[in-house]
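> Next come the chains, spelled out residue by residue.
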Amino acid sequence: MTALIAALLIAALLTFVLWALSAPFRARRSDPAAGDSDARRALESAKEAKYAEIRDNETDHRTGKLSDDDFRALDRQLRAEAVEILRELDELDSPDSGATV
Amino acid sequence: MAFAGRVALVLALVVSVYGIVAALYGARHGRRDWVDSGRRSIYCLAAILTVAMAILEVAFIRNDFSYNTVANTSSTTTPLLYRAAALWSSQEGSLLLWVWLLSIWASVATFITRNRLRDIVPYASSVLLGFGAFFTTLLVFFDSPFAQTHPAPVNGAGLDPLLRNPSMLIHPPMLYSGYTFFTIPFAFAVGALVVRRVDADWIRVTRRFALASWLFLGIGILLGARWSYYELGWGGYWGWDPVENAALMPWLISTAFLHSVMIQEKRGMLKIWNASLVLGASTLAIVGTFLVRSGVLNSIHAFGASTLGIPFVALIAAMTGGSIYLVVSRREVLRSEHTLDSLFSREAAFLLNNVVLVGLCFVIFWGTFFPLISKAVTGTSAAVGPPWFDRYTVPLALILVLLSGVGPAIAWRRGSLANIRRSFLLPLLAAAAMAIAAYTVVPISSSIGVVVLFCAAAFVFASVGQEFWRGWRVRRATASESPPVALASMVRRNRRRYGGYIVHLGIAVLFIGVAASATFEHEQTLSLQRGQSVRVGAYTMKYVKATGSVVTDPNHTGATMTLGAVLRVTRDGRYVGTLRPSAGYFPASPIVPGLVVASLISGDAVDQIGLKSSWRRDLWAAIKPLGTTLPANGTQLPEESLVNRADGLVPTSESGPDQLSLAYYLLRAIVAHYVAYPPPASFTLIASPLVMWIWIGGLIVLLGGLTAIWPAPSALRGRVRARYLARVAQELGRA
Numbered sequence: 001m002t003a004l005i006a007a008l009l010i011a012a013l014l015t016f017v018l019w020a021l022s023a024p025f026r027a028r029r030s031d032p033a034a035g036d037s038d039a040r041r042a043l044e045s046a047k048e049a050k051y052a053e054i055r056d057n058e059t060d061h062r063t064g065k066l067s068d069d070d071f072r073a074l075d076r077q078l079r080a081e082a083v084e085i086l087r088e089l090d091e092l093d094s095p096d097s098g099a100t101v
Numbered sequence: 001m002a003f004a005g006r007v008a009l010v011l012a013l014v015v016s017v018y019g020i021v022a023a024l025y026g027a028r029h030g031r032r033d034w035v036d037s038g039r040r041s042i043y044c045l046a047a048i049l050t051v052a053m054a055i056l057e058v059a060f061i062r063n064d065f066s067y068n069t070v071a072n073t074s075s076t077t078t079p080l081l082y083r084a085a086a087l088w089s090s091q092e093g094s095l096l097l098w099v100w101l102l103s104i105w106a107s108v109a110t111f112i113t114r115n116r117l118r119d120i121v122p123y124a125s126s127v128l129l130g131f132g133a134f135f136t137t138l139l140v141f142f143d144s145p146f147a148q149t150h151p152a153p154v155n156g157a158g159l160d161p162l163l164r165n166p167s168m169l170i171h172p173p174m175l176y177s178g179y180t181f182f183t184i185p186f187a188f189a190v191g192a193l194v195v196r197r198v199d200a201d202w203i204r205v206t207r208r209f210a211l212a213s214w215l216f217l218g219i220g221i222l223l224g225a226r227w228s229y230y231e232l233g234w235g236g237y238w239g240w241d242p243v244e245n246a247a248l249m250p251w252l253i254s255t256a257f258l259h260s261v262m263i264q265e266k267r268g269m270l271k272i273w274n275a276s277l278v279l280g281a282s283t284l285a286i287v288g289t290f291l292v293r294s295g296v297l298n299s300i301h302a303f304g305a306s307t308l309g310i311p312f313v314a315l316i317a318a319m320t321g322g323s324i325y326l327v328v329s330r331r332e333v334l335r336s337e338h339t340l341d342s343l344f345s346r347e348a349a350f351l352l353n354n355v356v357l358v359g360l361c362f363v364i365f366w367g368t369f370f371p372l373i374s375k376a377v378t379g380t381s382a383a384v385g386p387p388w389f390d391r392y393t394v395p396l397a398l399i400l401v402l403l404s405g406v407g408p409a410i411a412w413r414r415g416s417l418a419n420i421r422r423s424f425l426l427p428l429l430a431a432a433a434m435a436i437a438a439y440t441v442v443p444i445s446s447s448i449g450v451v452v453l454f455c456a457a458a459f460v461f462a463s464v465g466q467e468f469w470r471g472w473r474v475r476r477a478t479a480s481e482s483p484p485v486a487l488a489s490m491v492r493r494n495r496r497r498y499g500g501y502i503v504h505l506g507i508a509v510l511f512i513g514v515a516a517s518a519t520f521e522h523e524q525t526l527s528l529q530r531g532q533s534v535r536v537g538a539y540t541m542k543y544v545k546a547t548g549s550v551v552t553d554p555n556h557t558g559a560t561m562t563l564g565a566v567l568r569v570t571r572d573g574r575y576v577g578t579l580r581p582s583a584g585y586f587p588a589s590p591i592v593p594g595l596v597v598a599s600l601i602s603g604d605a606v607d608q609i610g611l612k613s614s615w616r617r618d619l620w621a622a623i624k625p626l627g628t629t630l631p632a633n634g635t636q637l638p639e640e641s642l643v644n645r646a647d648g649l650v651p652t653s654e655s656g657p658d659q660l661s662l663a664y665y666l667l668r669a670i671v672a673h674y675v676a677y678p679p680p681a682s683f684t685l686i687a688s689p690l691v692m693w694i695w696i697g698g699l700i701v702l703l704g705g706l707t708a709i710w711p712a713p714s715a716l717r718g719r720v721r722a723r724y725l726a727r728v729a730q731e732l733g734r735a
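Protein chains in written order, with my numbering: chain A, 1 to 101; chain B, 1 to 735.
These aren't lab readings, by the way, just hints derived from the structure by calculation.
Quick caveat, the model's predicted, so the values are computed rather than measured.
Some clues are possibly wrong.
Estimated spans, in silico, between C-beta atoms of each pair [unchecked claim]:
1. Thr525(B) x Ile10(A): 54 to 60 Å
2. Phe141(B) x Ala27(A): 33 to 39 Å
3. Ala27(A) x Arg62(B): 38 to 44 Å
Partner residues are not named here, just some residues of chain A that face chain B (Cβ under 10 Å, in silico) [stated by the list, open to error]:
4. Ala20
5. Ala27
6. Ala46
7. Asp56
8. Gly64
9. Leu74
10. Leu92
Virtual Cβ for every residue (Gly too), placed ideally from N, Cα, C.
Take these sequences, add in the hints, and give me the full structure.
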């Protein structure tokens, strides 16, 4: 009985492994936008990080760790950097970028 | 079923190797299908190893002693809970646990990145599967957990009594989770360096894994310390043992990484440093795994000498060499995008914290490997002890505690002296108040270090408290929420920041406990007769009566015989509490014919300490009933003459069960005699202040870590994104 269960277990494992590993070849999925998608995700991620940085800067100012002058200068700089990221994101969306979405 | 287990391990090895080849081939030739197939190998590895773990676990629970590992580390008398955990008490079982956990965390990382970092993922998958292949190779060719003996022995040797402690049930899985979690950032760092894509994207994706590694390693280290305190009978929680140090080193480096990585995320700085920290921490995690198994250094935690040293050295050499090559060859793309704006910025504090943490790690590394270094240089192995470690680590730890109060009080990028003065006023006043308070109760000349640490901790409490107060006030002013709701939403909206602050608080609490208990501890080791008293610090401990039991071990460890004592503790004549230390005696294996009674109790003897713990102090007691020292393991066997006489009464002609029944009957009589006429016993008695603060500090650190690791609610992210998008769009309009 134990031998039968062991044999069934091995067979099930082998079947699962073969099925799982061969699935990508069976699907034959084309993925032309992969590079574009990666770049977009990287930019989205950078954008989120920049927003978090702007938020941190505001918290530092509100909690008295940054002077008004320093806050304004930094805030301006961070927003300019955020704008740059948004521009790069827009460029990805423009027809000239060659991306097929 | 053992055959199925062996097949599963071979299949795991084949799948790992296939996955490496498929992922690399797919990356080189731009074949997404091959990359996907390689990625799926990680899921398959997890599934296969889960089956292997289940087979072995069932063997332990069913007492299937045909498995060598079950026979060597479990027995019918081992309680069920400890039988279930005995899997990772053996070397082969712990290796299986290591690679199983690796496969689970790698699967989670693979799933999260299924549509991200597509250029990096194939290489990261290959590295993760490389670890999988390494460990499954060890399990298939060197140390199989499915090796069998036929015919199976009737009973096993039993779990090492020292490991029969609740902390030990979860200590190894925690520690191994810590080690294996860090392979994820390591693998993605290697992938990022290979494809020369060293922006912060891979860091953002794997940051939570690094944090999880740090958290689990921290829990594992603390559980190990608790086990040492409760189980080892020497009254300490940290002895600078090589295996303890091996877990501490990657934890220190990952602490440094979690701080410095924020600078890379925000400023694009310290890329070489961060890459080196990730690669270094993961290599140190493997060094830790190697130390436990190689037998190169003496440790009470090690599995002893084995044949696995050479494969591990090869892996460590490959990781170290490969890491150095990748960092050096990519130094151009790893250049910092910015420079430090101000020495009074949080970045500067983090940099200093990194230098101290890495320095601390170096000191511990040097001390840990000094026996090997000295042997290589002088031909003689010489070890350094706790005083050497304390001399160098205490000052560095003091600086670290202080920095954990400095960091939260200063701003990113630009901190002006005026703002710093304002932010530090309250913490400095708190530190000064603490210095005055300590001066009145502590003889400063003899404990200057601990007073400085108390002041640093007061600085941290005030600094972090001030941050919470200011943030809460701002939140109250802007959101019109009730005080508790404002506090909760403030933390929820910035879990990483406030989680980190909570961790800093916990670290300060923990260090207060360490400093106070190490400096102001009173200890007595002496022999006492029933009725005698001794003074330990401000407390008087009296040996009131002896206790004993057979089979029905009050500590549920499966000990055959337990002998102990009841100690009454008073302070200035007032009753404080009762301590009940005991020693558990375990059977020797196999039972020797003619010496059945002796065999039942002449295995290992383990301390079960008596403890009365409060937030102010711990009263701790361990007992060693005196008797004849057994040559095999140094155990003191009490009532030896009675045991010998009892063995003379057990007829060798009786069948096994009858012999055992009679032996247990005689053992009960011996224990009753011991309780009625107890001989002197050796006691270790300790009164130590603030030990509980260590465990409470650990819990606060855990709470902070969980707060920081918990994902922000998606709805909140959406609102924040919408609000900032609108603001940035406004800026765009002006530009």
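> Now tell me if each hint is right for this structure.
Going through the hints against the structure:
At about 57 Å, the beta-carbon gap between Thr525(B) and Ile10(A) stays in the expected band of 54 to 60 Å. Hint check: Phe141(B) to Ala27(A), Cβ distance near 35 Å, so the stated range 33 to 39 Å holds. Between Ala27(A) and Arg62(B) the CB atoms are about 42 Å apart, so this pair conforms to the stated range of 38 to 44 Å. About 5 Å separates the beta-carbon of Ala20(A) from the nearest beta-carbon of chain B, less than 10 Å, and the hint is met.
With 10 Å as the threshold, the beta carbon of Ala27(A) comes within range of chain B, its nearest partner Cβ sitting at about 8 Å, so the hint holds. This hint holds: Ala46(A) has a C-beta 7 Å from the nearest C-beta of chain B, less than the 10 Å allowed. A distance limit of 10 Å between C-beta atoms decides the matter here; for Asp56(A) the minimum to chain B is near 6 Å, and the interface restraint holds. With 10 Å as the threshold, the beta carbon of Gly64(A) comes within range of chain B, its nearest partner Cβ sitting at about 6 Å, so the hint holds.
Taking 10 Å as the C-beta cut-off, the interface hint given for Leu74(A) holds, the closest approach to chain B being about 6 Å. About 15 Å separates the beta-carbon of Leu92(A) from the nearest beta-carbon of chain B, more than 10 Å, and the hint is not met.
Violated hints amount to a single one, hint 10; each of the other numbered hints is respected by the structure.
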